[in-house]
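Protein chains in written order, with the numbering used here: chain A, 2 to 105; chain B, 1058 to 1211.
Treat the hints as calculated values from the structure; they're not laboratory data.
Accuracy of the hints is not assured; some may be wrong.
Under the rule of at most 27 Å between Cα atoms (straight-line distance), these lysine-lysine pairs were calculated in the DSS-like manner [to be verified]:
#, chain 1, residue 1, chain 2, residue 2
1, B, K1156, B, K1109
2, A, K96, B, K1195
3, B, K1109, B, K1099
4, A, K90, B, K1163
5, B, K1152, B, K1196
6, B, K1195, B, K1163
7, B, K1109, A, K100
8, B, K1194, B, K1180
9, A, K97, B, K1180
10, B, K1156, A, K100
11, B, K1196, B, K1156
12, A, K96, B, K1180
Ranges of calculated distance between the beta carbons of each label pair, as one might list FRET restraints [unchecked claim]:
#, chain 1, residue 1, chain 2, residue 2, range
13, B, K1194, A, K104, 16 to 22 Å
14, B, K1194, A, I13, 29 to 35 Å
15, A, R87, B, V1088, 29 to 35 Å
16, A, L98, B, F1074, 43 to 49 Å
17, B, L1066, A, I13, 34 to 40 Å
18, A, N73, B, V1132, 27 to 33 Å
19, A, F58, B, V1125, 22 to 28 Å
20, A, K100, B, P1113, 41 to 47 Å
21, A, V6, B, I1097, 41 to 47 Å
22, B, F1061, A, R87, 34 to 40 Å
What the simulated footprint calls covered on chain A by chain B, stretch by stretch (three residues with Cβ under 8 Å from a Cβ of chain B suffice, anywhere in the stretch; the number is not a length) [stated by the list, open to error]:
#, region
23, 20-28
24, 52-66
25, 80-93
Note that beta-carbon positions come from the ideal geometry of N, C-alpha and C, so glycine has one too.
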Amino acid sequence: MIDIVVQVMLYISGIFAVIGSLGLIRFPDFYTRTHAATMLSVGSVSLGLLSLFIATFWSVYTLKIFVIIVFNLFTNPTATHAIAERAYKIGITPKKLVKDEMKT
Amino acid sequence: MLKFPVTFLLAFGAWIFFTATLDIQELVAGVIVSLVIAYIAKDFIFHEKPSKALNPVRWARFVAYFFVWLYLEIVANLDVAYRVATGRINPAIVKVPTKFRSDIGKSLLGNSITLTPGTLTIKAGDNLFVHWIAYNKKKRVGKLFERFGLGVTE
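Chain B on its own, in the form it takes in the complex (with noise of 0.2 Å):
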């Protein structure tokens, strides 16, 4: 049942996210256009529980997955960018468990390595399929991302 209010509250604060004023105009066209869309879009938009997105522990550790996120996209770019300029490339496509059981988890962790540039995701499962410009067997693709993003969407 909650379904419904939390589509609204969404698509009404993207409304007031563009249109960014508070004119009662604004507002009140913004209102009608959040309740079609939340009737529309309610059933696409959550698979699961919506108190989960509601839950202001989860955007913590949503905000402390981002910085960690910040860090290694940063090491990331420097790391290809040295690779292009000496060409040692060593790819290799890797097998990367997961822990991750929802679907946005899986797409958080999916997502999050191709962005990685030196990483990239092949095929997405049970088991991710990585295509890995920099092999070493001692280092693990993901494992930052897995230990920090559990605790956002499982």
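Looking at chain A on its own, in the form it has when it is part of the complex (with noise of 0.2 Å):
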């Protein structure tokens, strides 16, 4: 029982890298980009890694697996701002905006 929710928990993962990384080629500029890779980094991963969080459970393992999870998803969206905000700040400006808000 436990094997099939690791299992199907493992393919839905997978399918959210793949889709992820499609996304990374098809948007078109870094900012829709990035949004893509937010969806591998914390769709895929933490989902693969909780499902290895079940399939551990109770051992030395599980712990540390769950302290995994919580820094990828203390030290992600950081790192994603800081990049973000270094891009906006040198001139890298999207290609397809319907609004901004942040000129005026």
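Take each chain as given, in its own frame, and dock them per the hints.
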């Protein structure tokens, strides 16, 4: 029963990884690609690690995997934000933008 | 004055977390290491009153916040997956005014927004500026985060 749950979660995580990678190719500019990358690192990695969390339940590795998930969730947005802010500052402009409230 | 014991307890908790044992040798080593870490790090961890971090009501609210976040995360993941498949994007940079005043509150909101696929905090200050892949006049970015997050940090 638990094996099936773990397998399903790993499959979904893999599907998200493929879709996120496709998004990296398909989206037109830096900022939209970042969204696909965020989806990769949160949706795919967290889900994959969560399935391992269930698979190893309850052993020495379980808490460590939990800590890895939490650290990933804390550090990933911070790094993404730092990259995006710097990119905007050095003048990488979005290719398509319906509205920009930052300029005014 | 509470800074030191709270930092110590956090460090010691983390130690038990990682070693995953209650062996007496490990515990003594943990106490020594935690004391050193608490002495060094007590000024970096807390910029505000440490009693805030120990309040159980805030932790309960944080759990509620976590489930709200989880729901939005799943929805946003599916939404971005749909947009990758169809190529239908409507990007905009919007200004998100916020009621958060403390640093930790602002970083909670900004990180939650960045962590949700489809929204990305570009600039954080008194107002956040967010790159949004699916601009919609009627919706607001981070509305639910703000409603549930205010009780956690403010």
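Each hint, compared with the structure:
As the CA atoms of K1156(B) and K1109(B) are separated by approximately 18 Å, the hinted pair is consistent with the 27 Å bound. For a cut-off of 27 Å, the pair hint linking K96(A) to K1195(B) stands: about 24 Å separates their Cα positions. This hinted pair checks out: K1109(B) and K1099(B) have alpha carbons roughly 15 Å apart, not beyond 27 Å. Between K90(A) and K1163(B) the CA atoms are separated by roughly 21 Å; this keeps the pair inside 27 Å, and the hint holds.
Between the alpha carbons of K1152(B) and K1196(B) the distance comes to roughly 12 Å, so the proposed pair stays at or under 27 Å and holds. Of the pairs offered as hints, the one joining K1195(B) and K1163(B) holds, with about 24 Å between alpha carbons and a cut-off of 27 Å not exceeded. Taking the CA atoms of K1109(B) and K100(A), the gap is about 39 Å. The hint is violated against a cut of 27 Å. The suggested pairing of K1194(B) with K1180(B) holds, with an alpha-carbon distance near 21 Å, which does not exceed 27 Å.
For the suggested pair K97(A) and K1180(B), the alpha carbons sit about 19 Å apart, so the restraint of at most 27 Å is met. Distance hint between K1156(B) and K100(A) is fulfilled; the C-alpha atoms sit about 23 Å from each other, no more than 27 Å. Restraint check for K1196(B) and K1156(B): the C-alpha separation of about 18 Å stays at or below 27 Å, so the hint holds. Under the criterion of a C-alpha separation no larger than 27 Å, the hint pairing K96(A) with K1180(B) is consistent with the structure, at around 19 Å.
Taking 16 to 22 Å as the suggested C-beta distance range, the pair K1194(B) and K104(A) conforms, at roughly 18 Å. In this structure the hint that K1194(B) and I13(A) lie 29 to 35 Å apart at CB holds, the actual value being about 33 Å. Between R87(A) and V1088(B), the C-beta spacing of about 42 Å breaks the proposed range 29 to 35 Å. Separated by about 45 Å at the C-beta atoms, L98(A) and F1074(B) satisfy the suggested range of 43 to 49 Å.
Taken as a hint, the range 34 to 40 Å holds for the pair L1066(B) and I13(A), whose Cβ atoms sit roughly 38 Å apart. Checked against the hint of 27 to 33 Å, the C-beta distance between N73(A) and V1132(B) comes to roughly 20 Å, which is inconsistent with it. For the pair F58(A) and V1125(B), the beta carbons lie near 25 Å from each other, so the given range of 22 to 28 Å is met. Distance hint check: the CB atoms of K100(A) and P1113(B) are about 43 Å apart, consistent with the given range 41 to 47 Å.
Range check, V6(A) to I1097(B): about 43 Å between beta-carbon atoms, so the 41 to 47 Å window is met. The given range of 34 to 40 Å is respected by F1061(B) and R87(A), whose C-beta atoms sit roughly 36 Å from each other. Check result for the region 20-28 of chain A against chain B: holds, 6 residues qualifying (beta carbon to beta carbon below 8 Å, three or more required). Coverage of a stretch by a chain is defined here by at least three residues with a beta carbon nearer than 8 Å to that chain's beta carbons; for the region 52-66 of chain A and chain B the count is 3, and the condition holds.
Check on the region 80-93 of chain A: 5 of its residues sit with their Cβ under 8 Å from a Cβ of chain B, so the three-residue criterion for coverage holds.
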